[in-house]
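Counting in our numbering, the final residue of the first sequence is number 201, and the numbers go up one at a time with none missing.
Don't read these hints as lab results, they were simulated from the structure.
Glycine residues also receive a C-beta, built at the ideal position from the N, C-alpha and C atoms.
Take the hints with a grain of salt, since some may be wrong.
Okay, the calculated beta carbon distance ranges per label pair [claimed, not checked]: (1) L83 x R59: 19 to 25 Å; (2) P93 x P63: 39 to 45 Å; (3) D112 x P63: 15 to 21 Å; (4) D151 x G95: 18 to 24 Å; (5) S143 x Y81: 15 to 21 Å; (6) R197 x P63: 17 to 23 Å; (7) T62 x D123: 26 to 32 Å; (8) T177 x G153: 16 to 22 Å; (9) E61 x D112: 39 to 45 Å; (10) E158 x P71: 29 to 35 Å; (11) G120 x P93: 27 to 33 Å; (12) A119 x Q175: 34 to 40 Å; (13) S148 x D23: 17 to 23 Å; (14) G37 x S148: 33 to 39 Å.
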Amino acid sequence: MSGRRARPVATEFFNRRPEDVAADIIGCTISFGGAGGVIVEAEAYGQRDPASHSFRGETPRCRSMFGPPGTIYVYRTYGLHWCLNLVTEPEGVGAAVLIRAIEPTHGVDRMRARRAGIDDDRLLCGGPGRLTQALAVDDSIDGLSLADAGLTIGERTAQLDVVGVPRIGISQATELPWRMVARGSRYLSRPIPRSSAA
DNA sequence: CGAATGATGGTCT
DNA sequence: GACCATCATTCGT
C-alpha cells in the first residue's frame with residue numbers, strides 16, 4: 004500500500020490550452036481509489052473543437068467542462084463505460100483533457116480485482132474505459148475539484164518523450180494531433196500509428 | 001497481426 | 001432516431 008510521493012501539481016498547471024496540458028501531463032502520476040500510476044496517454048478537447056462535447060455549448064452532460072481549471076468531468080460513453088477528464092482553461096471555457104492510459108504503479112492488486120478476468124497488466128489501464136474501471140472512477144466525482152474528489156495528479160516523475168498523433172474514436176477534426184502519448188510505452192491504449200512513429 | 005460485431009443506454013437533434 | 005471521446009470477443013489472413 005505504498006503510494007508514490009510526487010507533490011501535487013498546482014491549480015495553475017491546468018489553466019492553459021488543453022493541448023499543452025495534455026502534453027505536459029504525460030509522465031505525471033495519478034492516484035485515486037487506492038491505486039494509480041504514470042499517465043502515458045491523454046487527449047485534448049477544446050472549446051472550438053468539433054470533436055468536443057463542449058463545441059455546441061453547455062448542456063447538462065458537459066456542464067462540468069465549463070468549470071474552473073482542474074474540475075473533474077466524467078461522462079458515460081457507449082452506454083457502459085466512464086471516461087475521466089480534467090478541465091483546462093478558465094471557468095466558462097469548455098476545454099478538457101481525457102486521460103486515456105496509465106502505467107500501473109501502485110494498488111495493482113486492487114486494479115486486478117476490479118478488472119477480473121484480465122491477465123495482461125498492460126490491459127489493466129490501457130484505455131479510457133479500462134482505467135476508470137481499474138481506479139473505480141464513476142460519475143460520483145463529476146464536477147468536483149481534484150481535492151474534493153480525492154484524486155491526485157502528481158508532478159512529473161519521469162521525463163518521457165511525448166508525441167502528438169491523431170485522436171481516437173472521433174469523426175470530426177481527426178487531423179489534429181491532440182492525442183499525446185509517451186513514445187515507447189508498453190501501456191498505451193493503442194500503438195503509435197506507423198505514419199507518426201518515426 | 002486486422003476487421004467485424006454485440007453489449008447497452010444516455011444525449012442531443 | 002442517430003450518434004456515439006469503448007471494450008471484449010470472434011473470425012479471417
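Exercise. Find the hints from earlier in the document that the structure breaks and name them by number, from lowest to highest.
Key: 2, 3, 6, 7, 8, 10, 11, 14
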